[in-house]
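Note that the protein sequences, when read in sequence, are chains V and H. Numbering (the working numbering) for the first sequence: 1120 to 1334. Numbering (the working numbering) for the second sequence: 112 to 559.
Bear in mind the hints are in silico, worked out from the structure with no lab data behind them. In this text, a Cβ means the ideal position worked out from N, Cα and C, and glycines have one as well. There's no promise every hint is true.
Claimed, not checked - Listed next, the stretches of chain V that the computed footprint assigns to chain H, with coverage defined by at least 3 CB atoms under 8 Å from CB atoms of chain H: (1) 1138 to 1146; (2) 1276 to 1289.
What the hints assert, rightly or not - Residues from chain V that keep clear of chain H, each with C-beta distances beyond 12 Å, as calculated: (3) A1135; (4) T1154; (5) S1202; (6) D1214; (7) R1222; (8) D1241; (9) C1260; (10) D1265; (11) E1296; (12) I1313; (13) V1316; (14) D1322; (15) M1327.
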Amino acid sequence: MAQVFSRYAGFYARLALIALLVLTTSGVLAWRALTAERHTVNETVEQPVPFSHKHHVGDVGLDCRYCHASVETSAQAGMPPVSTCMTCHSQLFTDQRMLAPVRQAWISGQSLAWRRVNQLPDFVYFNHSIHVAKGVGCVSCHGRVDQMPLMRRTETLSMKWCLDCHRDPEQQLRPREHVFDMAWTPKDQRSLGIALVQAYRIDRAKMMDCSLCHR
Amino acid sequence: MSASPWLAPDTTAERISREVSDIVLARPTSRTWLASFALALLLTGVFMAGIGHLVTTGIGIWGNNIPVAWAFDITNYVWWIAIGMAGTFISAALLLARQVWRASLNRYAETMTVFAVSISGLFPILHLGRPWFFYWLAPYPDRMGVWPQWRSSLLWDFFAIIAYLLVSILYWYVGLLPDLATLRDRANSRGRQVFYGLLALGWRGDAHHWQRYETLSLTLAGLAVPLVFSVHSMVALDFSEGLLPGWHSTLFPPFFVAGALFSGFAMALAIAVPVRRWYGLHRYITPRHLDYLARMVLAAGLVIDYSYAAEIFDAFYSQDRYAIASLMAKFAGPYAWVYWTTIACNVAAIQLLWSRRVRYSPAALMVIALLVLVGMWCERFLLIVNSLFRDFLPSSAGMFYPTVWDLVFLFGSMAFFLVLLLLFARLLPMLSMAELRKLLPRHAGEDA
């Protein structure tokens, strides 16, 4: 009786097994890449007006709270209304074409449709004011905004990223007076952080609870 | 040295190979097979459509409600996984106990296990409100930094089912290797030679092959037997870990394992009787095999009956008003007819098996086996629903009524099982030729 399989059959069988392994792995990876959130870290977002934080904070020297006024008191830091823009831009650069949508919005009363850069799902309840009150600087989560001509997000905002800090808050805490200071750097973050956890009475026991964010 | 008493004296190795492999290689596809396959495939299609409807619409298509959040879904799950248990028991525990009569039963029993466990594994996934997140049960590092809760028996289920499925598939496939090689060598067309040749993975029947095969079979059997007991105990813990009257019982793990063997042996009988008739396997699955299977059904059934009695005794002995109320609801509540059906099937019907005449009557065994399967389904249904529909608070009492989709999932899964079994009968050897040949006298030359 003739041989059923050629002498290379074993070789092909091994090749097929390797191919299967490669295909499965790449399939799983492709699936993960497809289903993962769009990875928008460090990508700028097209806005109706090319607002530059670098100009307003870095060059002009505005305090963060001038525009994001509710960041110390509310869960939302707040986007400034057009009237905030118009406090200056009713007088400055009034003829700039770049600012036409702002003037249009001011005249028509329609809101400017800013596109969110740091967007959390609605099942996450995030509160800005508590973080500011407990000494988390803007830079820790938003990066050097004063050096960003166009806004981009610098962190993944994944839950693991949140938890890494909630598990070990010392690594990010700073004195309250430096929260809005973009350029501040610690001398010894570890010992400062440990002291601040004590001083600000940060209740570490509750920091990992589901109910903290998923209400 | 004479042949094993389980084989007729004129049985030869060649005859075993020919008769068993001819079912696959030579026997033309019968009209009965085609008709049953078409019907089963149609019903499976309805089952698949049901799954589609479930995923797109939500589990509200079932009759489950808030007091009764588990009903047909988990009943089917427990019923199917239990049916799988006896297959492993026949092939692994009886191997460890060196019971030679398992040789003609183990192949189709293992197949029954693999198919039943695969189908049962669908239900825990499908009964999730969001089945597409079922992989969150797996412990893997993710972007959330979240791990599964190791204290939930439902998580243990996840591991139990996966481990059991993997081990039973491995055990089944390893056992198939020598038989696939026989099919390859007897195959009469190039396509079949290649098909079985690829599946046989180059088995040559070398002494080394056989030595490792035996070692691996014994190792897997040694792994599979504790798995049978722990997997179904795990299923039991889904309930006894809960606090409900009628669920919170330390009796459940052994009681569930006995129930698994009970319904599994019943299913093994319910398959053996028609298979030996339709495929003319009387020489291999003898009345004595049926007799032994029936004895196993009776033995496991008596443990079940003991557990029913212990359940009643425990409830009254505890003086716990909720336990007693739950029990009284079983006897005389709205689902009492299910309870009395269970008693009729699982307690009354099996007592006939004490009689030798019944044990040697395939028709009677078939009827009893089917009754046991019905009884065990009713038992799980009642265990789940009777504890849920009235528990501690009168304000949270509520009846469960199945919808048509509940029935689609119950009967559809049976049809799916039948489709798989029919394919198995057509494509793979139903009896383990290698095991049967081992029952022949070792040294035929000396014997003659």
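Numbers of the earlier hints that this structure fails to satisfy, in rising order:
1, 3, 4 and 15
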